[in-house]
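> Protein chains in written order, with UniProt numbering: chain S, 1 to 264; chain F, 1 to 257.
Be careful, since some hints might not be right.
One-sided and incomplete, this derived list gives chain F residues near chain S with beta-carbon spacing under 10 angstroms [said to hold, decoys possible]:
#1 R148
#2 E149
#3 Q150
#4 L152
#5 T153
#6 R155
#7 L157
#8 G158
#9 P161
#10 A162
#11 A172
#12 M174
#13 T246
#14 W248
#15 Q252
Derived by calculation from the structure, the hints in this document are not laboratory data.
Where is the CB? At the ideal position from N, CA and C, for every residue including glycine.
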Amino acid sequence: MNDTTILEAVDLRKAYGHGLQRMPILDGIDFRVRKGDFVSVVGPSGCGKTTLLMALAGLSQPDTGEVRFRGQPVTQPPQGLAVVFQDYSRSLFPWKTARENVIFAMRDTAQKTRQERRDRADELLAAVGLKEFAQKYPWQLSGGMQQRVAIARGLASESDLLLLDEPLAAVDAQTRADMQDLILELAQRFDQTCLLVTHDVDEAVYMADKVIVLSRRPTSVATEIPVDLGKRRDQLATREQPGFLHARHEVMERIRSYRSQMAG
Amino acid sequence: MTRALLWSRGAVSLIFVLALWQAVALSGAVPAKFFPGIPAIIDGARQMIATGELPRNEILTLGRALTGLVLASVAGIALALLSDASPFFDRGFRTISSLLQPVPPAAVVPMAIFALGLGIKLYIFIILLVSIWGPYLNGAAALRAVPREQILTGRMLGLSPAAIMFRIKLPAAMPQIFAGIRYAAAVSLIAVVVAEMLAGRDGIGFLLVRKSFSIRIPETYALMFVTMFNGVLLALLVNLARRVLTGWHVRQTGASK
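Make a model of the complete structure from these sequences and hints.
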């Protein structure tokens with residue numbers, strides 16, 4: 001391991017069920033995420049992306065293999081790692097306002113006064129463009145706004161690594177493009193390494209420095225495709241660059257080969 | 001729909017019921033002696049207020065119902081939390097709860113008098129027996145139904161199982177628990193009046209039996225109206241507590257209408 005690796009999956013294996021019912025989900029997953037990188041994970045549907053994410057977050061244990069975060073084996077959710085879930089309407093606390101939701105995620109509450117925590121929460125809400133909505137409850141906000149609150153909450157835990165579990169799957173197309181740019185901007189500004197799980201190939205390539213393509217279940221890493229487009233992305237220009245089109249083509253081709261295998 | 005409109009609607013339907021009552025009483029379809037009109041009933045109530053027996057017994061009954069309801073709610077929530085935390089307890093208690101739920105309070109009162117005497121212990125016991133299930137069953141179901149993402153969010157923040165229980169699951173379950181408490185409030189009033197009727201020393205239930213056995217018809221009806229009033233009063237109190245403790249949910253469901 002070199003010292004810029006922040007997250008590492010080593011031969012992760014996991015199966016559900018026993019005996020004849022036994023179904024292997026993860027079949028030897030290996031990859032590394034370097035500090036400061038934005039990595040996308042894509043794969044054919046039903047390939048165990050959620051199972052993988054749960055293992056990476058320390059929320060479930062693999063049968064064999066290991067997840068290492070900053071070089072330490074992950075056996076429970078480690079400090080410095082935050083998850084933004086797909087279903088924002090179920091992950092935010094409806095009895096708390098946007099500000100209270102963000103404050104809830106602050107870990108070092110003992111060292112901060114009430115006012116300091118409030119100010120920090122408002123700062124994070126301003127960063128996701130919700131300055132005026134701090135006092136609103138999640139159910140008073142649109143889907144895109146709720147997901148922004150969830151992202152602000154992820155940042156509030158002072159993480160270095162954000163695991164994003166299909167965070168934009170449930171928002172409309174226009175909001176989606178805005179949110180992609182917002183997430184990229186926040187990753188830079190708050191110095192976050194990001195691992196984005198998505199089923200959208202265009203999104204995976206647009207956001208990432210590296211795309212990890214997963215195979216069909218039982219899942220392993222099919223290939224890793226670097227995306228050399230620099231840190232600055234633009235919804236129009238980036239998507240027209242040859243590098244983007246090339247990476248997109250390769251990812252698509254891989255995933256399509258699994259789909260046609262399934263059909264055949 | 002505005003609140004004023006809802007209130008006036010409630011008032012209109014109350015007046016309608018009273019008018020219908022009075023019309024039946026005046027029509028002669030039922031013997032007037034056994035179905036007095038509203039003025040006679042009001043007069044009966046006034047007499048019981050003048051002698052002091054209505055206020056004295058009303059305070060006793062309301063006090064018992066309210067104490068019992070608060071204890072049943074706290075105990076029901078505590079059992080629901082235990083059920084959620086321990087599958088072992090949940091299994092065991094589920095059997096006990098399905099055995100106890102169908103027991104009618106009237107069947108238990110005579111034995112309970114011997115065991116617990118005629119004091120507040122008797123009433124608390126009877127109310128617990130019938131009122132605990134609303135908060136318990138609703139609480140246990142609601143705790144099980146807390147979205148997985150909310151619990152995982154707690155785990156990602158390194159919260160202990162106890163912190164997840166009290167800071168995430170319990171607040172998430174509160175609205176449904178209150179639905180159970182609202183039901184328990186009505187049941188606790190019935191239970192306390194039944195127990196008073198059988199235990200026979202004081203309270204609205206006792207007064208009801210005494211008045212009907214001495215064929216004081218208007219007073220008997222007046223006392224029945226008092227039990228209805230008590231139901232409304234207790235429901236209002238529960239609603240007040242609900243607004244204080246889960247105001248967010250009251251507004252959420254209000255906003256979606």
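> Each of the hints needs a verdict: does it hold here or not?
Status of each hint after checking the structure:
Taking 10 angstroms as the C-beta contact cut-off toward chain S, the hint placing R148(F) at the interface holds, the least distance being around 7 angstroms. The closest approach between the C-beta of E149(F) and any C-beta of chain S is roughly 4 angstroms, which is under the 10 angstroms cut-off, so the hint is satisfied. Interface hint status for Q150(F): upheld, as the beta-carbon distance to the closest one in chain S is roughly 6 angstroms, under 10 angstroms. At its closest, the beta carbon of L152(F) sits 6 angstroms from a beta carbon of chain S; the interface hint therefore holds under the 10 angstroms criterion.
A hinted interface residue such as T153(F) counts as satisfied when its beta carbon comes closer than 10 angstroms to some beta carbon of chain S; here the least separation is about 6 angstroms, so the hint holds. A cut of 10 angstroms between beta carbons decides the hint on R155(F): the least distance to chain S is about 6 angstroms, and the hint holds. Given the 10 angstroms rule on beta carbons, the hint for L157(F) holds: about 6 angstroms separates it from the nearest Cβ of chain S. Look at G158(F): its Cβ gets to within about 6 angstroms of chain S, closer than 10 angstroms, so that hint holds up.
Among the interface hints, the one on P161(F) is violated; its C-beta lies about 12 angstroms from the nearest C-beta in chain S, farther than the 10 angstroms criterion. Hint on A162(F) is violated. Least Cβ distance to chain S is approximately 16 angstroms, over the 10 angstroms limit. Proximity of A172(F) to chain S holds as hinted, the smallest CB-CB distance being about 7 angstroms (cut-off 10 angstroms). The closest approach between the C-beta of M174(F) and any C-beta of chain S is roughly 8 angstroms, which is under the 10 angstroms cut-off, so the hint is satisfied.
Because the smallest distance between the Cβ of T246(F) and any Cβ of chain S comes to about 7 angstroms, under 10 angstroms, the interface hint for this residue holds. Here the hint on W248(F) is kept, as its CB sits about 5 angstroms from the closest CB of chain S, short of 10 angstroms. Interface hint at Q252(F): satisfied, since its Cβ lies 5 angstroms from the closest Cβ of chain S, which is below the 10 angstroms cut-off.
In the structure shown, a violation is registered for the earlier hints numbered 9 and 10, in ascending order.
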